[in-house]
Amino acid sequence: MISQLYGKVALVTGASSGIGRATAIAFARAGAKVVAASRRSVEGEETVRRILEVGGEAIFIKTDVSNASEVEALVNKTVDMYGRLDCACNNAGIGGTSSLITDMSEEDWDSLVDVNLKGTWLCLKYELRAMLKQGCGAIVNVASVSGVVGFAGCAAYAATKGGIIALTRAAAIEYAKSGIRINVVSPGAIETNILATLPAELIAQIPAAHPVGRIGKPEEIAESMVWLCSDAASFVTGHNMMIDGGYTAQ
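Numbering (our numbering), first residue to last: 1 to 250.
Hints listed in this document are in silico derivations from the structure and should not be mistaken for laboratory results.
All C-beta atoms, glycine included, are put in the ideal place defined by N, C-alpha and C.
Please note that a few of the clues may not be correct.
[Claimed, not checked] Now the in silico label distances, taken between C-beta atoms and shown as ranges:
1) E53 / L198: 29 to 35 Å
2) I165 / I203: 22 to 28 Å
3) K77 / D110: 23 to 29 Å
4) F151 / E72: 30 to 36 Å
5) C136 / I165: 20 to 26 Å
6) A68 / G153: 45 to 51 Å
7) Q250 / R129: 36 to 42 Å
[Stated by the list, open to error] Below are the DSSO-like pairs computed for lysine-lysine, each with C-alpha atoms no more than 30 Å apart in a straight line:
8) K217 / K133
9) K118 / K177
10) K62 / K217
11) K77 / K133
12) K62 / K133
13) K62 / K77
14) K118 / K77
15) K125 / K177
16) K133 / K118
17) K77 / K125
18) K62 / K118
19) K62 / K125
20) K177 / K217
21) K177 / K77
Could you put together the complete structure from these sequences and hints?
Put into structure tokens, the structure is as follows:
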């Protein structure tokens with residue numbers, strides 16, 4: 001059997017941990033050559049080491065997705081190295097601090113918008129330019145159930161994730177006739193560093209809030225992103241895939 005992404009070149013941002021690391025490894029297992037990007041070099045190189053360990057091919061490029069010149073350089077280096085860019089997962093993001101809107105600082109707001117929303121837009125901008133030259137490609141952005149359902153104390157984070165969903169839909173329409181598919185996944189509660197920053201008593205309540213009765217794993221999000229980037233999803237674009245254990249079905 002030919003692997004889903006055999007011979008493809010895949011770029012994953014936020015690949016130093018959690019969903020990003022799991023996705024980079026999943027892409028490699030599916031046969032893709034992986035470019036792992038992150039602001040954290042040590043953790044990013046560890047992701048590459050794990051990929052090489054399972055027989056995959058990968059390189060790490062240190063990147064701050066909120067910086068346009070760094071994102072442009074990331075995509076250019078990817079194309080210079082491998083000749084093309086077939087798949088991209090725009091996962092890089094931060095959780096910020098929990099606060100009510102009236103207590104939120106302008107600095108916290110700007111930080112979340114710069115990394116989560118602006119960072120996703122910058123990645124799309126330069127990834128699309130590369131894909132337009134080859135006439136094909138698949139991109140998956142990462143949002144959250146917070147972009148669909150309201151939660152107190154995370155307005156800025158929710159605004160960025162809701163923005164990513166809207167950005168994805170617009171981008172999908174703009175580039176559908178160019179052979180480029182653009183989708184977004186909205187995870188529920190997943191075992192990541194962001195989740196670990198929540199109070200222990202709140203984390204203990206999360207499994208019961210999901211109909212499946214548990215917290216999700218990064219690998220479960222990663223497998224969905226591999227599918228969305230594969231030819232098996234060739235008729236899927238502009239879609240927001242809820243991967244939330246049934247949370248938003250309630």
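message: Taking the earlier hints as the rules, which of them does this structure contradict?
response: 6, 8, 20
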